[in-house]
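Protein sequence lines, in the order shown, are assigned to chains A and B. The first sequence begins at 70 in the working numbering and counts up by one. The second sequence begins at 71 in the working numbering and counts up by one.
Think of the hints as simulated: they come from the structure by calculation, not from any bench. On a predicted model such as this, the values are computed, not experimentally measured, just so you know.
Now the stretches of chain A that chain B is said to cover, found in silico as 3 or more residues with beta-carbon under 8 Å: (1) 78 to 91; (2) 175 to 188.
The calculated lysine-lysine pairs, modelled on BS3-like cross-linking and capped at a C-alpha distance of 25 Å, are: (3) A:K167 x B:K386; (4) A:K105 x B:K305; (5) A:K216 x B:K415.
Positions of the beta carbon are idealized from the N, C-alpha and C atoms, including for glycine.
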Amino acid sequence: MKQIRVAIADDHTLVRAGLVRLLSSYPVIKVVGTAKDGAAAIKLAKDEQPAVFLLDMAMPQLNGLAAIPYVKTASPKTRILMLSMYDEAEYAQVALEKGAAGLVSKTISADDLYAAIVDVAQGKCLSVKKPLTAREREVVALLADGKTNDQIGSSLGISTKTVGHHCQRAMEKLDIHTRVGLISYAGRTAGLNRNN
Amino acid sequence: MGSFGEMEVRRLPELKAIILRTILARRITLGLFAVIALIVKLTSNISYLNPLFYSPLVWFLITFPFQYLVQRQKRERALNWVHAGFFVAEIIIISFFVHLMGGSEWIGISFYLFTVIYANFFLPRLQGYLITGLVIGLYSLLVLLEYIGAIPHRSLFVIVGEPYRSLSYNLTTILAGAVGIYATLAYTVRSFTRIYASKNRALANRELQLANLSKQLLVAQEEERRRIARQLHDKLGQSLAAIKLHLASLRAYLPEEEEGEISQIIDRAITETRTLAYSIRPPLLDDLGLAPSLRRLAEMTETASLLQVSLHMREKPRLPEAIESLLFSAAQEAIENVRKHAHAKHVNVTLRYETGKVVLSVEDDGIGFRPRDPQGLGLQGLRERVELVGGQVLISSTPGNGSQVRVEVPHETDSRSDS
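Isolated chain A (complex conformation) (with noise of 0.2 Å):
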């Protein structure tokens, strides 16, 4: 694969150092170089033009997201990827709308950050990530036990036709788009949530 020049803006300094460390350690990727805030930022994308760019959202002098349309300007080919404290699909919606690729949070782990980046930098968008609801989850689980609608809702005292709407929305919001991709999503996180 071809390397990946990404650029860092975080005003948190531990964060931009973990941030450097942490991408270093892939080969794939070269960071070319890291700003401060956003008027650093803008000038970075301008002198570097990095294919990738991880803008953090909350910023002194110019925030992430006031800042998207000028390293567009001083870089146009960067692809930005939003840096947020706040994982909340209302800020994912609200960087997508501003022209950036993507939210990730910067609590995401190292191997979902590469992805991301890797997805970014191919010209692919994030798509906002909405929780699953706790019923969703219960169905999403029962899934993975390998029941059928009509089991799962008699054990949950719901209709199975509710059971379907619920399979749905968690696909839709898994970006998953088979009933077996769902159960296969369910068999994977299903220790994870007995775990919880």
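With the hints as your guide, set chain B onto chain A.
Same frame as chain A, but now just chain B:
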């Protein structure tokens, strides 16, 4: 100056109600008087002068047109003049009555007392003193006319000699009796009213100050909460995130299981920090506004419990910050109550823009409660905050039929965008 003499400015309906009450009180008294007089006249052979009976009856009757006139007035000035007109009609009737009773014999003085007291209590200074002057003038005129013999002197009472024929007696009546007593009375009533009014004003000022102080306190409290939530999120939360990133960069040197375990602990700390910050004040509210925050609240509720939340609202331009945070707290509090106590399956959250106000309603299909039952501290605090901005909280519920919390906050909506 207020219409209550020197008292604070009152609103028109309140003033009208008080005037109508005094008119009604007169009507009842005079009506009773007329009935009793009639009974006495019919059952005894006391020889009454007929006008002595008719004049209270006329007085009784004029209360009706004046009641009508008072009710029709739309401005305080006009109302005061109508009220003054009523007093004038009253003292003319009283003068006639006094003449029948033996006016110059001092007893007449007592008949005007209530008119002077009332006029100076209820009317502004000009009308108050005008009525007082008119009383003094009419009574003095009566005494003088009887003295010079222009009108006959009558007396209900047995008097030794004919004192009304004495100039010095009549001058004493006019100067000491009418001028002295009425002027003093008018001045005294006005002084008392002034003291009463200034105390009232001071009290109203204090109340206003107190309300302002509470408002400032709320703003300060909200500011403090915002600051703490931001610090938690942006400082503590980011540091935890940084630790996690640093840990991840050390993966190559750590046993996978240990790394995963530490990572999970950090994740938990991050979640705890976030939940705490969110419960103090959701940053979303400042950043993106009420609608996304309510969506997030619904989402969080559904993530954390089996309660289903339906949101009904239209996207609108941002509301003033104070209203947004108030309505959000209201929704938070109401949903929390539903979760804890209602045993409900669904909750409907509706945000509506009505003329002059924003209405948030939270309805559930739970077990309900009696509205008179003691309410939680949260709901009480909410009520206070809402009332402070001139809004109201309405709670309705019947056992078994769910409950509704309706929060109304005054706000001028731009009607053009409200299609």
